[in-house]
Amino acid sequence: AASPSGLTVGIHLPQELLLDAGALAQSTVRDTTVALPPGVTVNAGGADGLEACSEAQIGYLGHETVGEAASEAFSATLPRLFCPQASKLGTVKITTPLLPNPLNGAVYLASPAPMGEAGQNPFRTLLSLYIVAEDPVSGTIVKLPGEVALNQTTGQVVSTFEDTPQLPFEDLTLHFFGGPRAPLATPGLCGSYTTTASFTPWSGGEAVAAGSAFEIASGPNGSPCPSDPRPFTPEFTAGTTNIQAGAYSELRTTMGHPDADQPLGRLAITLPPGLMGSLSGVTLCGEPQAAEGTCGANSLIGHTIVTAGLGATPTVVARPGDVYLTGPYDGAPFGLSIANPAETGPFDLERGTSCDCVVVRARVQVDPTTARLSVISDPLPTMLQGVPLNLQHVTVQIDRPQFTFNPTSCNPMKIEGTMSGGEGGATPISEPLQVANCARLGFKPGFAVATSSHTSRSDGASLDVKLSYPRAQFGTQANIARVKVELPKQLPSRLTTLQKACTDAVFNANPANCPAASRIGEATATTPLVPIPLTGPAYFVSHGGAKFPELIIVLSGYGITVDLHGETFISKAGITSSTFSSVPDVPVSSFELKLPEGPYSALAANGDLCASKLVMPTTLTAQNGAVIKQNTSIAVTGCTPTIRVIRHTVSGKHATVVVSVPSAGRLVADGGGVLPKARMVSKVGIVTMTLRLSSSEQRFLAHHRGRRLEVPIQLSFSPSHGRRLSARVAVLMR
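Last residue of the sequence shown? That's 822 in the numbering used here, and every number before it is there in order.
These are calculated hints, taken from the structure and not from any lab test. A few of these clues could be false.
[Unchecked claim] Simulated crosslink set (DSS-like; lysine-lysine; CA at most 30 Å straight-line): (1) 741 with 701; (2) 588 with 532; (3) 741 with 682; (4) 682 with 635; (5) 771 with 554; (6) 554 with 635; (7) 635 with 577; (8) 554 with 502; (9) 554 with 660.
[Unchecked claim] Between beta-carbon pairs, the in silico distance windows are: (10) 619 with 694: 27 to 35 Å; (11) 239 with 299: 13 to 21 Å; (12) 331 with 240: 26 to 34 Å; (13) 375 with 530: 40 to 48 Å.
Owing to the predicted nature of the structure, the values given are computational and were not obtained by experimental measurement. The beta-carbon is built from N, C-alpha and C at its ideal position, and this holds for glycine as well.
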C-alpha cells in the first residue's frame with residue numbers, strides 16, 4: 089500500500105480462423121479503455137528526471153490517410169525513433185497472426201502540449217502516451233497514441249486508445265516500470281482492487297467489458313497494513329539558524345510524514361515570545377495579488393522547498409516557492425501568500441495561472457498580551473489536475489535579510505502547535521528553542537518622570553512617564569521584561585476613579601465600550617519593528633475578586649494591538665505601586681505614558697508638590713535577567729523657579745550644603761565666612777557643594793576654642809534662561 093509501483097496490463101483476443109469461411113473469428117479492436125481501480129494513481133515522485141517525447145521525435149503523423157505527397161516523408165519517419173530514453177515508462181509486446189514474430193517496444197510519455205487560448209492541448213488531457221513496437225525481421229513498426237484521463241477528485245487513471253488500426257492482434261502486454269521512480273502508486277489501504285476495461289470493435293457491435301483484480305497485502309516496505317482511517321504521525325522540525333540572543337536569523341520549519349499516513353493537511357504554529365519579524369521596510373502585499381501569488385519583491389520574506397510523491401526518492405519541485413507577507417487576511421492583521429511552483433520533470437500543473445504556481449494562504453496573528461506570533465495555514469493542496477501530490481516534505485525558510493530576529497531571553501522555549509492530516513487526523517507538535525549569550529546584551533534604558541504643580545481637589549494630579557533606549561546597533565540591547573514603580577505618598581491613587589473601573593467582561597469584549605471614567609490616560613510607543621508609533625488609551629479594569637483594579641494600556645497601530653497589564657497595589661500607608669510583570673520581549677525605542685489631570689484623574693495630590701522632593705522607587709528587569717534599581721526623581725513642572733537648601737552638615741573646617749536647582753545654570757556659594765566656590769549644573773536636580781572656612785574664620789575659631797561661630801553662606805544661581813535666583817543659610821561651626 090501507498091508505494092510506487094509498476095503495473096502489467098495484458099489483453100488477449102483469441103484469433104482462431106473460421107475454417108469453413110477462411111476469415112478471422114473476431115472483429116478487430118477499434119477503441120480500448122482501461123480504468124485502473126480507484127486508489128491506483130499517478131506517482132508524483134515519478135516525474136523527477138522524467139522527460140517527454142515530442143511529436144517530431146516520435147515521428148507520428150496521425151491516423152489520417154497519407155497522400156502521395158506525404159507518403160515519402162511518412163515512410164522516412166517510420167524506421168526512425170528519437171524519443172529520449174528518459175521518456176520511457178515501460179515496455180510493450182504484441183503478437184499478431186499476421187507476423188511470425190512478436191513486436192517488441194516501449195511505452196513513452198508524450199510531451200504535454202502548451203496551453204492554448206481555450207486552455208486545451210491537442211491530446212485534451214494532461215498525460216498522453218506513445219506505444220512503439222517493432223519487428224526487426226520484417227521491419228514492421230507500430231505507433232499508437234493514447235490519452236490518460238485523471239479524475240480531478242480521486243486521481244483515478246483511465247487510459248484510452250482510440251481508432252487503432254484495423255489489424256488483428258492476439259496478445260498485447262504493457263509493462264510499466266516499477267522501482268522508486270515508478271509512474272504509478274498503489275492505494276493507501278490493503279484490500280482487493282479491480283481494473284476494468286472496455287473494448288469497442290470496428291464491426292460496430294456493442295463494447296465488451298472485462299475486469300481483473302489484484303490484492304494489496306502489506307504496508308510500505310513490508311510493514312503491516314495501514315489502519316482505516318490511516319494514522320497521522322507527522323515529522324516536524326523548526327528553529328533559527330543563528331542562536332545569538334537578539335540577533336537577526338533565518339527561521340526554518342520543515343514538516344513531513346510517512347507514506348502510510350494521511351497526507352499533510354494544514355499547519356498551525358505559535359512562535360516563542362521574542363521570536364519575531366521586523367515589518368519596517370517590508371511592503372505588505374494587498375489583494376488580489378496576494379490571492380494570485382503575484383506580490384512584488386519588496387513583500388518577499390522567504391522561500392519554500394517541496395518534495396512530492398511516494399517512496400524513498402520523491403521528486404523535488406523544480407524551483408523554490410516564494411513566501412510573501414500580506415496585509416489583513418481571514419480576520420488576522422497579517423497574512424502569508426505562499427506561491428509554490430507545480431513544475432517538475434516535463435510537467436507544469438499550474439501553467440496558465442497568474443503566477444504559474446499553487447498559492448497557499450496563511451493568517452498571522454499577534455497575541456495581545458505576549459505579542460507571540462501564530463501562523464495558521466489554509467489546507468495544503470493534496471491533488472492537482474488529478475495528480476495526488478503526496479507532499480512528503482515541505483520546508484519554509486524565512487530568509488529575508490534583517491527580518492526575523494531572536495528573543496533576548498535565554499530561557500528554554502518552544503515552537504509549538506498542531507499539524508492536521510488531510511483525512512481528519514491531528515497531532516500536537518513541539519520543538520525546543522533556546523538562544524545563547526544573553527549576558528552580552530546591554531541594558532541601559534533611560535527612565536524619567538514628571539508631574540505638574542497645578543493640582544486641585546476636583547482634578548487631581550498628573551503624571552508623565554518616559555522610558556527610552558539608547559541608540560545602539562539592533563540586537564545589542566536586552567528588552568524589558570518587568571517594571572515596578574512606587575509612587576510617593578504625595579501622589580496617591582484617586583479612590584473615586586478606581587471605583588469607576590471598567591469590568592473585565594466589557595473590556596474583553598471591546599475596550600472602546602468601557603465607561604469614560606475608566607479611561608485614565610494615553611500612551612505612545614515607538615519600535616523599530618513597524619514604521620508608525622503604537623498609541624492608545626490606558627484603563628482601570630476590575631477583575632472580580634482582585635483587590636484593586638488593574639492598569640491596562642492598549643497600544644495599537646499598523647494592524648497590531650498589544651495590551652500591557654499593570655497590577656495595582658495600595659499599601660496601608662497609602663503608597664501606590666504598579667507592577668508590569670510580563671512585558672513582551674519586543675524592542676522599544678521609546679515609551680511614554682501620560683496620566684492627565686481631570687475629573688477622572690488616576691492620581692490625587694497631597695500638599696504642595698513644589699515644596700518637597702518627589703522620588704519614585706523604580707525596578708527595571710531585562711529579559712536577560714539584568715536588573716536596574718533606582719530612585720527616580722519626579723520633576724515638578726510649573727513651580728516658581730527657586731533654589732532650595734535641602735540640608736547642610738559640618739565636618740571640621742568644612743561645610744557641606746545640598747541644594748535643589750530648577751534647571752541648568754551656574755551655582756555660586758560665598759558669604760565672607762567661606763571661600764567662594766562655583767559649580768556648573770547641566771540639568772534640574774540636586775547639587776552638593778563642600779565649602780571651606782575662610783582664613784579669618786579659621787583663626788577666630790583657633791583663638792576662641794569652644795565657641796560657636798555662625799557662618800552665613802550666600803547662594804546665587806544663574807539659570808541658562810531666566811532671572812537670577814538666590815538663597816541663604818547659616819552654618820554653626822566650632
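Where does the structure disagree with the numbered hints, that is, which hint numbers, in rising order? 2, 3, 8, 10 and 12
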